[in-house]
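Peer 1: As you go down the protein sequences, you meet chains P, V, Y and D in turn.
As numbered in the UniProt record's numbering, residues 1 to 342 make up the first sequence, in order.
As numbered in the UniProt record's numbering, residues 1 to 342 make up the second sequence, in order.
As numbered in the UniProt record's numbering, residues 1 to 342 make up the third sequence, in order.
As numbered in the UniProt record's numbering, residues 1 to 342 make up the fourth sequence, in order.
It should be emphasised that the hints constitute simulated quantities derived from the structure, not laboratory data.
A portion of the hints provided could be inaccurate.
The list treats identical chains as one, so a pair stands whether inside a single copy or across any two.
Unchecked claim - Calculated pairs, DSS-like style, for lysine-lysine (alpha carbon to alpha carbon, straight line, at most 27 angstroms): (1) 114 x 36; (2) 248 x 93; (3) 36 x 186; (4) 215 x 30; (5) 224 x 248; (6) 248 x 215; (7) 224 x 186; (8) 248 x 186; (9) 36 x 54; (10) 248 x 30.
The model shown is predicted, which means the values in this text are computed figures rather than measured ones.
There are 4 protein chains.
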Amino acid sequence: MIKVGIVGGTGYTGVELLRLLTRHPQVELKAITSRKEAGMPVADMFPNLRGWLKLAFSTPEEAGLENCDVVFFATPNGVAMQQTRALLDAGVKVIDLAADFRIKDIAVWEQWYKMEHACPDLVAEAVYGLPEINRASIRGARLIANPGCYPTAVQLGFLPLLEAGAVDTSFLVADAKSGVSGGGRKPETHILFAEAADNFKAYAVGGHRHWPEIKQGLEIFAGKPVGFTFVPHLTPLIRGIHATLYAKVSADIDLQSLFEQRYADEAFVDVMPAGAHPETRSVRGANICRIAVHRPQGGDTVVVLSVIDNLVKGAAGQAVQNMNILFDLPEDTALADVGMLP
Amino acid sequence: MIKVGIVGGTGYTGVELLRLLTRHPQVELKAITSRKEAGMPVADMFPNLRGWLKLAFSTPEEAGLENCDVVFFATPNGVAMQQTRALLDAGVKVIDLAADFRIKDIAVWEQWYKMEHACPDLVAEAVYGLPEINRASIRGARLIANPGCYPTAVQLGFLPLLEAGAVDTSFLVADAKSGVSGGGRKPETHILFAEAADNFKAYAVGGHRHWPEIKQGLEIFAGKPVGFTFVPHLTPLIRGIHATLYAKVSADIDLQSLFEQRYADEAFVDVMPAGAHPETRSVRGANICRIAVHRPQGGDTVVVLSVIDNLVKGAAGQAVQNMNILFDLPEDTALADVGMLP
Amino acid sequence: MIKVGIVGGTGYTGVELLRLLTRHPQVELKAITSRKEAGMPVADMFPNLRGWLKLAFSTPEEAGLENCDVVFFATPNGVAMQQTRALLDAGVKVIDLAADFRIKDIAVWEQWYKMEHACPDLVAEAVYGLPEINRASIRGARLIANPGCYPTAVQLGFLPLLEAGAVDTSFLVADAKSGVSGGGRKPETHILFAEAADNFKAYAVGGHRHWPEIKQGLEIFAGKPVGFTFVPHLTPLIRGIHATLYAKVSADIDLQSLFEQRYADEAFVDVMPAGAHPETRSVRGANICRIAVHRPQGGDTVVVLSVIDNLVKGAAGQAVQNMNILFDLPEDTALADVGMLP
Amino acid sequence: MIKVGIVGGTGYTGVELLRLLTRHPQVELKAITSRKEAGMPVADMFPNLRGWLKLAFSTPEEAGLENCDVVFFATPNGVAMQQTRALLDAGVKVIDLAADFRIKDIAVWEQWYKMEHACPDLVAEAVYGLPEINRASIRGARLIANPGCYPTAVQLGFLPLLEAGAVDTSFLVADAKSGVSGGGRKPETHILFAEAADNFKAYAVGGHRHWPEIKQGLEIFAGKPVGFTFVPHLTPLIRGIHATLYAKVSADIDLQSLFEQRYADEAFVDVMPAGAHPETRSVRGANICRIAVHRPQGGDTVVVLSVIDNLVKGAAGQAVQNMNILFDLPEDTALADVGMLP
């Protein structure tokens, strides 16, 4: 059994990790920390877990994380980087669901996250946990930077095009729409029901933290700098991201085949038939990215539609997928949920 | 492996059966019928099943239902009663998710369902599939009448009170609220998004078909006629029923203990702690009924709160639970989903 | 022109007052206070008001409220009682949308609101602003206690029955469902979109602050003590209250006529035809209470369905209605919005 | 008083016209036709109108439309073109809210709407009713082609850029998101609540009927052919369109000033401050288009955000605005609703 600890279990990625891990046959949950809620049974806060989980929140001090085999950080940005070195030194593997280890260029990270990085050397070591690109490196890693939700949907959508050199890289556009759970569980006015329901808006058009993370990935795929515009929107969904990607086709390639071949061996990327429109609900609760590729009216614009559940393939599910790879388990262990439709 | 057929696979109870049964380790899905969609792969209609199910819809004629071990009817009322006898004669067990076999009094059934019953003798034989009451009879049955969604939530909420003779049976009130999927997948104006979203209304206050079904059960529990008022409401949820039950306490009983003891051995009924308020999302996708019991301000009114997912414990999940009992499997096989929260 | 001030303009009742008052032909908005947002143009916070309102938030000190003709308090409970006397002394009329002056029994108020009342004598003077009951007293009042949202819907639904002595007053039940805006605009976890969307729950079953307010009214209507149970629920609506009321009929009265006659002269109460089911969206944005009365299956239970928009007839609209009465204007001035459907 | 008739009053644009016109001080509603519902009081179908409108639906034959001053067609595509000539001959002005007269190139229209056009000469005469472009022509017109919802939001967003020659016209992208009411009130599976709620998807990526309508407008603004990609999405809003527009800046122009100057005299277009993100709810129920213009990170991509209520500025409100212009009334008569927020 793999001994698992979770730091920061009171947010949505925390409870989603618990939903998945309580049914993982090789996992023994040892500790879930919350300084504020220490002592409270987790299922009192999240009653969906009643009958599944007897554990209570504990303080970090009493959690015994150094005795775990792997620790997930489901914390705000800036927490994991303070605690990771000690865990690694104790032989514990670390999967960070926040952004601390995602961006290789420390200066860029510090500019966007507005704090000094505590351990640049670990950033260099960390493996970016997108299995469809980095499966081999993940296998031997000590430290995984679990990708952001938007970055997962957008990178998987652009990946085949950029690897194949099929599009003009100077003008890539990602118009992305997210459910409100992507904004976290900390109470803030703009994510109140009465603000976000029956409402739609763009936000952070001037610059969103996921922009440099995605750009870093796209440039690796393309092997050169790219011009990339990213506009996120808040949409009245609980869960789900829909990324609509636009680029100019620059090569005479059968795009449908390109996508199908690139993802032929990927269990968690579903290339839909030509003409399809993936719906976010088809992946609700499931660890899968569904993609469709279009060339409207046969013109030179390619439109890629990419959907994930931001809490599963966009966060907790991908983290469990990474754990499965780290521990040489079948990659889909505990990730066999069918999307909940309706 | 249990060979399973589903008649009528294009509605919400149909796709929910598929979500559950595709992951059932003892089930082999043999056929899903839809005369209208025959030939279409099921996953083309319900893309959440892509990668899980290769089956296509078939016509009833080519489905070979008589070779199945069990057939589920996820059909409109009045269909199962036409086809059940032939299946039973062929040795096939039948679980009807519609109302054909729920009401023992044929005259009452015919009055509320506005058609002549095709096989009154089978109504007499059918076992009402509420395991918490009828587990023993279900085990040996050939034909199960799977309870309605409202009736499941309301009966489980009133059951301990009536069995114990704890309330005045002349004035029982059930104020029930249902998500819109309870109205089915056939397009009708009042269940359009732009009609049902951001809207709340009662309906059928003058008389709803679930009223006689619930009343029949309550009178069995109480051992006498009851005065029962039932008001259903349509609420902008996809899934979920919340029943709020009112009665006058007539005996000096610790109600919390009463409920806890009655359901102590029931895996799919969760009696919450005193003072709790169950939320529908805590059972979203899960085969469980969560119940809380209150006596506001210590007065003589008891208020019971009972929540289920109408498509799971209120339909497909309970049907699978009944199948598990019929075939002597662990009752929770394929019913281990944690509620999806958020 | 009536000079109007608003204390506490950053919540939902505040912005709704502004939506109504900006179009009131006899109103001149002089000041909207918010200590925290002083200096910010109101339309920067509420962009629906762009082009309609040039005013900025001001501090209470600079607002010059004592020069207004009327001041609305759209503040948390406990604020108005601190400032009302000074305003009244300055000849300003006061309409409090919070609960400070609603409950006549000071001990009861202090028990439920958990603070000491600052001015019990003003409670005695205050007129409860339900025009359908107190229109005459409102006309000459200095201080109006604007009713709560649930109390408006529930009292208007029970009023004809109790005045006529038509029901057993020992067992009155109000099962009420509210949209999330009723919980205010202050960020709290349980009213986040990802918590409240696609979710339904009861709350405060053990005791809600509106219970004594409603009970006070019902006992005035009945002329005697009543047994009253009140269960509020949170439903995924932005706006809207649906109250479902239950009582035992004790007199042989034509209930439809009773309601129609009682409200024949009331512009803001709509008695719907027999058999109707009012929808919350039919009153969205409109200052009206729509009511239907049922006797299911002709039995002795009466079911009343009563819907309002909690922010309009349940708060800001009723406050403007009260202002219109106070200043001898046509009662529907600035209250002529048709409900927004869909 | 202007005598008004409405053909096809049972859909969402019909009821929205009624919501606006019942409060129009210069309008006398003479007839609302619905062959299917003839005889039914309109307020029985749309209870928000109870107390506002006594009219019943009538058959087209008995409606006396030829005696009206203006007739609105709120009908499916293809209806208005059959009846318009007779009305024009009788001296009645016609405003068609459907698409019959929007596209000047008859061959293009017939290709996209899949029917033969009944009166190409009237298409040539019809004025495209976008007042911000065609106000002068609207004033003297007999026949107005009221623009589509997407076309209104997208054209108003691109207009200043194209008129000024500020962008590369070879690669214009409109990523548009619509509320579900845009799909009409006719029951179809994909717009059921349980299908469209908590779900997000693109549709018609291969080609949507509004694409040629928008393209026609953009090419008029630009004075040359444009390369234009349009991807519509269905989002769980009742009302609202959010168009996100992308183009490459090709001229050194202050875009914020450009937009502010272009719309300085337009009452129904609100250019928001630099950095703003308009929300659909800020225009809910209001006849206004709010626009913000961005250049992310100061790069060469311009992003325009344009929001409308699809039923108001995108349909019925714009139709009333056109009627006001036609009859020389103040353009904002009956269009003074503040957006309903929350």
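Peer 1: Indicate, hint by hint, whether the structure satisfies it.
Peer 2: Comparing the hints with the structure gives:
no.	hint	result
1	114 x 36	both (25 angstroms within a copy, 26 angstroms between copies)
2	248 x 93	neither (42 angstroms within a copy, 45 angstroms between copies)
3	36 x 186	both (13 angstroms within a copy, 21 angstroms between copies)
4	215 x 30	neither (37 angstroms within a copy, 48 angstroms between copies)
5	224 x 248	both (17 angstroms within a copy, 21 angstroms between copies)
6	248 x 215	both (17 angstroms within a copy, 19 angstroms between copies)
7	224 x 186	neither (38 angstroms within a copy, 47 angstroms between copies)
8	248 x 186	neither (40 angstroms within a copy, 38 angstroms between copies)
9	36 x 54	within (18 angstroms within a copy, 43 angstroms between copies)
10	248 x 30	neither (50 angstroms within a copy, 46 angstroms between copies)
Of the numbered hints given earlier, the model fails hints 2, 4, 7, 8, 10; all others are met.
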